[in-house]
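*Asks:* As you go down the protein sequences, you meet chains X and C in turn.
Residues 35 to 334 in my numbering are what the first sequence spells out, letter by letter.
Residues 13 to 535 in my numbering are what the second sequence spells out, letter by letter.
Just so you know, these hints were derived from the structure itself, not from any lab.
Among the clues, some could well be false.
To be verified - Selected chain X positions facing chain C (in silico; Cβ < 7 Å): (1) 99; (2) 149; (3) 154.
Don't be surprised by glycine CBs; every beta carbon is placed ideally from N, CA and C.
Spelled out, the chains give:
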Amino acid sequence: MKTRREFLKTSAGAAACLGGAAALPWILEAASPPRPDLALVHGGTPEKATRAAVEALGGMKRFVSRGDVVVVKPNIGWDRTPEQAANTNPLVVATLVILCLEAGARKVKVFDRPCNDPRRCYEQSGIAPLARRAGAEVSFVDDRRFKETALHGQVLKSWPLYEEILEADKVINVPIAKHHGLAGLTLGLKNWMGIMGGSRGRIHQNIHGALPDLAAAVKPCLTVLDAVRVLTAHGPQGGDLADVKKLDTVAAGVDMVAVDALGATLMGKVPSDIGYIRNAADRGLGTLDLGRVAMKRIEL
Amino acid sequence: MTKKGGSSSLVLARRASQALFLLLFLFLFLQTEQKGADTLGYPVKLFLDFDPLLFLGALLASHALVGAFWLSLLTLLATAVLGRVFCGWVCPLGTLNTLVGSLRKWPARPRVRGWFPLKYLILVFLLAAALFGFQWAGVLDPLSLTVRSLALGLYPALNTGLNALLDLMYRPEAPFWRAAAEAASGFLQRTVLAFQPPRFFQGGAIGALFLGVLALNLLERRFWCRYLCPLGALLGLAGRWAFLKRTVSEGCTSCGLCDGACPGGASTGEGKGWRPSECMVCFNCGDSCPASAASFGFSGKPAPEGVDLSRRRILLAAAAGAAAVPLLRVAPSPRGGRPNPALLRPPGALPEEAFLERCVKCGECMKVCTTNGLQPALLEAGLEGLWTPVLVPRIGYCEYNCTLCGQVCPTGAIARLSREEKVRVKIGLASVDRSRCLPWAQGTPCIVCEEVCPTPTKAVWFEEVPGRNREGAEVLLKRPHVDLDLCIGCGICEAKCPVLDRPAIFVTSTGESRNPDNGLLLR
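Taking the hints into account, I'd like the entire structure generated from these sequences.
*Replies:* Written out as structure tokens, the structure is:
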């Protein structure tokens, strides 16, 4: 039988152990540089670059928990092939699907509302076949599932948005970096046009005001920017291989505005010159000051 | 052969063949849809390829041998040996007619109106008109009629109906209902539903006409096949001397049951008479005969009864067909006259005259059109252009990389083009309506037409102009212009223009590649 003294002794020991264990990560963190929130990977294959970018942020387990339903939202806007760089690189998308499943996601959904015929866009972009093979549930957008959503924005008061995005446990945005005739560039924030129902073309009348309103409604846990091939002109649709530049770059980040800001610099622009990035930062959706984000650069 | 009550193996085989071909027809029909790849992967126009009436009609009208129609010679050859087996064993409309006819109970000796000559006269009329370049064979051809009616009328109706049901299922918010609705919707999407519910002008009327044809079976079994079908007439003529013949043995008691059982009205005079041109080789007569006296066998002897047609009637029908052509062309039409701005033909369509000579109005191109933009013409191209395909960009634009309409056209009225050839074909030209365009008329930014313009160097280009809004503030406007050389008239700008009711950019037929006279620029 244990005496009271013995009991107290062992209890205190256990408590000390527990306390020490709890303090351990804190001690380690203090010792090493802060965990990056932004990663920029250059070189390697799209798969390796995507893996390295997510790994640099702490791995997919940082974002996706076991049992999560995850939406991976690429840009599948156009009936173009991967070489034409009008849609997200299919290998980047497929790699993210695999990473989510490896992290224990219950289901990974991939969809977009394209501008051209959805069947051709899904197929010709290579995204549907590769994402499906990676284990994703690839579906076309069903008009019945847009839900009028209050946005309380400065430009958009309310808009029908796609239910599956709103209902998902985690959302990962996977845009491609492209030139855009009106917005200057299309990056992560503009990729949310793919979840808008209705006559979404109208938001071009005030695109820089509308996009932050929209982005505020969707909180991606991770944004992965595909800059493997980028469109430098005639965007967002392209079609001329002379406008395609190979950057072999994948960026990933926690802050959607910071990823767009980084994308802008990759495309040779000043982030604050892009109206919607500036407005999103002003509205507190993130920062465009890349100096304030812990960033890791990786060369493969 | 078995006695009355059971069915003989020949009749069972015939029914199996009918079911199989109908299912194949419906399967190919459902495959006539964009799937995302550049080709369909199935020979969706197979039935039309085997149709000798469409072959003959296109041959006479265009003076050219078209497409894969040489397959239809096989149909003629089979008919010459076996008689109208196509009608009895293969034709999907024939099978539908059989099915509808079996919906009612028939007396042992139903009335036979005996209007057999009518279909031959229709055939002669159509072929005579075709000889003068007036292509209407496809309007009454059973396969063309069936594809068109299903594609433009009944299939859209089925989609509308099923989607309305799904809408109802989606309405309650309860999770159980939602799950059921999603399961049902997914299943139907994978099986019978179209990707987008198709909509066609005149679809209701076209579908109703077809239902009318089916309803005629309640007056008399296979009414259409007996009295109206021009392909049946053509095959009747081809099978006039077929080697497969019916014989009736000594055991015949002249009970007349075979006459009553005959769907074509070919068995006459209590089994003593037999019209080979009307016989669809269904073997019902043998089954119905209590004495097992009726049977089929090969023989070279001349058949007892020919086609009930006088030379005078044939000449009259031919003359009527020929005379109808100028009469039907008196109305002003784009044929040789001023081009119709709304007559946007699919990419690869031949010059209008040649196009009209070949198009059999089967509706395959409209069924397969990715965006539902191809619609049946009413009078845009004159009466002879009835139900020919016209692109209506407000309904759907021509998808830049899609070449499906040319792939499914059975007569080459729409040429089969490679992707590289197709993107160079102009089907019209876009114009900006500056009184409605947002940057032009309202000083409001909008770039949708330029954004969606698919040509590598965009046909829609911007003139950047500093403008002022009502408040007097300066705004930099991007005003769209259309490059006459680059625009291919695909109409995506019109389809996606945010000015929805009457788009601020629209396509007309001027500049179409197939008609240099309808150009705009000095060339």
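*Asks:* Could you run down the list of hints and mark each one as holding or not?
*Replies:* Against the structure, the hints come out as follows:
no.	hint	in the structure
1	99	violated (23 Å)
2	149	holds (6 Å)
3	154	holds (5 Å)
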